[in-house]
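Keeping their order, the protein sequence lines are chains A and B. Under the working numbering, the first residue of the first sequence carries the number 6, and numbering increases by one thereafter. Under the working numbering, the first residue of the second sequence carries the number 71, and numbering increases by one thereafter.
If you're looking for bench data, these hints aren't it; they were derived computationally from the structure. Computed from a predicted structure; not experimentally measured. Among the clues, some could well be false.
Said to hold, decoys possible - Coverage of chain B stretches by chain A, computed from C-beta distances (three or more under 8 Å per stretch; other residues unrestricted):
id, segment
1, 169-178
2, 181-195
As the list claims (entries may be wrong) - Below, a list of computed lysine to any residue pairs in the SDA-like style, where the Cα atoms sit at most 20 Å apart:
id, chain 1, residue 1, chain 2, residue 2
3, B, Lys-192, A, Gln-158
4, A, Lys-198, A, Pro-241
5, B, Lys-192, A, Asn-168
6, B, Lys-192, A, Ala-222
7, B, Lys-192, A, Val-178
8, B, Lys-197, A, Asn-168
9, A, Lys-48, A, Ile-234
10, A, Lys-198, A, Gly-119
11, B, Lys-192, A, Arg-169
12, A, Lys-48, A, Lys-219
13, B, Lys-217, B, Thr-206
14, A, Lys-48, A, Ala-222
15, B, Lys-197, A, Gln-158
We treat Cβ as the ideally placed atom computed from N, Cα and C, and that holds for glycine.
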Amino acid sequence: MIALVSTIIVFGVIVISVTNAPNWPAVQKAFFDGAIFARSWPKVLEAFGTNVALFMIAEALTLVLGLILAILRGLPGPVFFPVRLLATIYVDLFRAVPGLLVIYLLGFGIPGLGIAGIPSDVFPYGVLALTLVYSAYVSEVYRAGIESVHWSQEAAARSLGLNRFQALRYVIVPQAVRRVIPPLLNDFIGLQKDTVLVSVLGVVEIFREAQILKSAAFNFTPFLDVALIFIIVTIPLARLTDWLVGRDRGRQAARAR
Amino acid sequence: MTDSMPTQLPEPASGPRPALHIEGLHKSFGSLEVLRGIDLEVAEHEVVCLIGSSGSGKSTLLRCINLLEPIDAGRIFVEGDEITARGVDVNRIRRRIGIVFQAFNLFPHMSVLDNVTLGPRKARGRKREEAESAATALLERFGLVDKRREFPDRLSGGQQQRVAIVRALAMQPDILLLDEVTSALDPELVAEVLDVIRELAAGGMTMVIATHEMGFARDIANRVCFLDAGRILEQGRPAEIFSAPREARTRQFLQRVIDAGRL
Chain A
6 MIALVSTIIV
16 FGVIVISVTN
26 APNWPAVQKA
36 FFDGAIFARS
46 WPKVLEAFGT
56 NVALFMIAEA
66 LTLVLGLILA
76 ILRGLPGPVF
86 FPVRLLATIY
96 VDLFRAVPGL
106 LVIYLLGFGI
116 PGLGIAGIPS
126 DVFPYGVLAL
136 TLVYSAYVSE
146 VYRAGIESVH
156 WSQEAAARSL
166 GLNRFQALRY
176 VIVPQAVRRV
186 IPPLLNDFIG
196 LQKDTVLVSV
206 LGVVEIFREA
216 QILKSAAFNF
226 TPFLDVALIF
236 IIVTIPLARL
246 TDWLVGRDRG
256 RQAARAR
Chain B
71 MTDSMPTQLP
81 EPASGPRPAL
91 HIEGLHKSFG
101 SLEVLRGIDL
111 EVAEHEVVCL
121 IGSSGSGKST
131 LLRCINLLEP
141 IDAGRIFVEG
151 DEITARGVDV
161 NRIRRRIGIV
171 FQAFNLFPHM
181 SVLDNVTLGP
191 RKARGRKREE
201 AESAATALLE
211 RFGLVDKRRE
221 FPDRLSGGQQ
231 QRVAIVRALA
241 MQPDILLLDE
251 VTSALDPELV
261 AEVLDVIREL
271 AAGGMTMVIA
281 THEMGFARDI
291 ANRVCFLDAG
301 RILEQGRPAE
311 IFSAPREART
321 RQFLQRVIDA
331 GRL
């Protein structure tokens, strides 16, 4: 009850001060035009299909590549040092370079090579760039998960005669993945939003479409359509993540009892 | 070793080869030398108990026998085959040597049945139905069959440890290593696990048991080895070791155990 009242007061103050700003009528016209909002909605929604395709493919690839990287970085012994080194360089590199730059460099660089048979359509490069960047993040999430599984689990698996790969496949990774689902979903929220960066390659996705609509109408309202769509898609995922974290905490508490 | 039904224990000894033979085993962790030359021979169907204070090297010795720890020097033979030779397939060796850990180490994301069948299915390549019927028979034998669909965190410590023993037995090992398997249990749960081990001993299972349960060691062991600072300082029949130990260190250790009310 107190929370409700204080929320209403805070939001009320914000709304009143914004709507009483000297240039509010102009801003309202440029950003909050109901008719343009309604007219833009179906077009923006249609363009969002491209973003959905981008993040669905990139997420699937990221899940696989990130896990492979995490496993490569965890290989023991001096023999695998070069593999660990390469995987580490990869992760460092793609976490350091801004995603926008990776998209830009790949999207214009690879087709520029002029190699016969490689696609000239830029969509695959958008997917590739997002996958490279996010698999670096996700591999760190997986690695934390794998390291959180106690070494005695591997000892138990190996003691049954399972080889290293089988121990990972059946014992370590299933436990690790369960523990890192919340942070994985968190990274996916980031990936979904970053699909708009692919617009720099000229892919007509949701942001590009909104820009086109903006230029046609001399009005920024289409960007609100975009914002609303991302909110609608992201909030359920964020709540799911919260719920999973809460459930895990409850389970751990039950175990510690 | 034939691939008979897991409800049967190993066939009687066919020759004079010992089930386990260890010579000159050394193992260090960094600069800490944990095992300083272990020589040990275990005959088929023999039950050997390792006693000694914490840090004397009991657990490390068992982990070395199962090749979970690389050794620094020495040789280990199982049924006459050297398992520490270069180029041996450690995964094949481990299938012949079962180990049960102090902390159970069950797989928490798998049901009891899957815990027990994972080894037979993946390491031995058994079909699921075949592995499951064998596992069910073993679980039945140890009074756990009604728990086969449960997950480990729903079981008591004693039940978990019994499942861990069944999991090791499902691989039909030549030798079973038990590493302080009752140390993590509440006192009232110790008996059910010890009963399982007694039954295995009666069935002729070759076992090497590291334990702090002196009364149990006296009952079950054919031979008791007292480990001190990485060496087997004294060994003999339980009556000899517990009633008339020759070494001062053994007497000291047993006195401490008696003072603690554990014998």
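**Prompt:** Does the structure keep Lys-192 (chain B) and Val-178 (chain A) at a Cα separation of 20 Å or less?
**Reply:** holds (16 Å)
**Asked** Has the given pair, Lys-192 (chain B) with Gln-158 (chain A), been kept, meaning a C-alpha gap of at most 20 Å?
**Response** Cα-Cα ~16 Å, so holds.
**Message:** Taking beta carbons only, do three or more residues of the segment 169-178 of chain B come closer than 8 Å to chain A?
**Reply:** holds (count 7)
**Message:** Given the hinted pair Lys-217 (chain B) and Thr-206 (chain B), is their Cα-Cα distance within 20 Å?
**Reply:** Roughly 10 Å between the alpha carbons, so the hint for Lys-217 (chain B) and Thr-206 (chain B) holds.
**Prompt:** Holds or violated: Lys-48 (chain A) with Ala-222 (chain A), Cα cutoff 20 Å?
**Reply:** holds (14 Å)
**Asked** Is the hinted pair Lys-192 (chain B) and Ala-222 (chain A) satisfied, with a Cα-Cα distance of at most 20 Å?
**Response** violated (64 Å)
**Request:** Check whether three or more residues of the segment 181-195 of chain B sit with their beta carbon closer than 8 Å to a beta carbon of chain A.
**Result:** holds (count 5)
**Message:** Check the hint pairing Lys-48 (chain A) with Lys-219 (chain A) against an upper bound of 20 Å on the C-alpha distance.
**Reply:** holds (12 Å)
**Request:** Take a quick look at whether Lys-197 (chain B) and Asn-168 (chain A) sit within 20 Å of each other, Cα to Cα.
**Result:** Satisfied, since the Cα-Cα distance of roughly 18 Å is no more than 20 Å.
**Asked** Does the alpha-carbon distance linking Lys-192 (chain B) and Arg-169 (chain A) stay inside the 20 Å limit?
**Response** holds (12 Å)
**Asked** Is the straight-line distance between the alpha-carbon of Lys-192 (chain B) and that of Asn-168 (chain A) 20 Å or less?
**Response** Distance of about 9 Å is within 20 Å: holds.
**Message:** With the threshold set at 20 Å, check whether the alpha-carbon distance from Lys-197 (chain B) to Gln-158 (chain A) stays at or below it.
**Reply:** Violated - the C-alpha atoms of Gln-158 (chain A) and Lys-197 (chain B) are around 24 Å apart, more than 20 Å.
Hint compliance for this structure: hints 6, 10, 15 are not met, and every other hint is.
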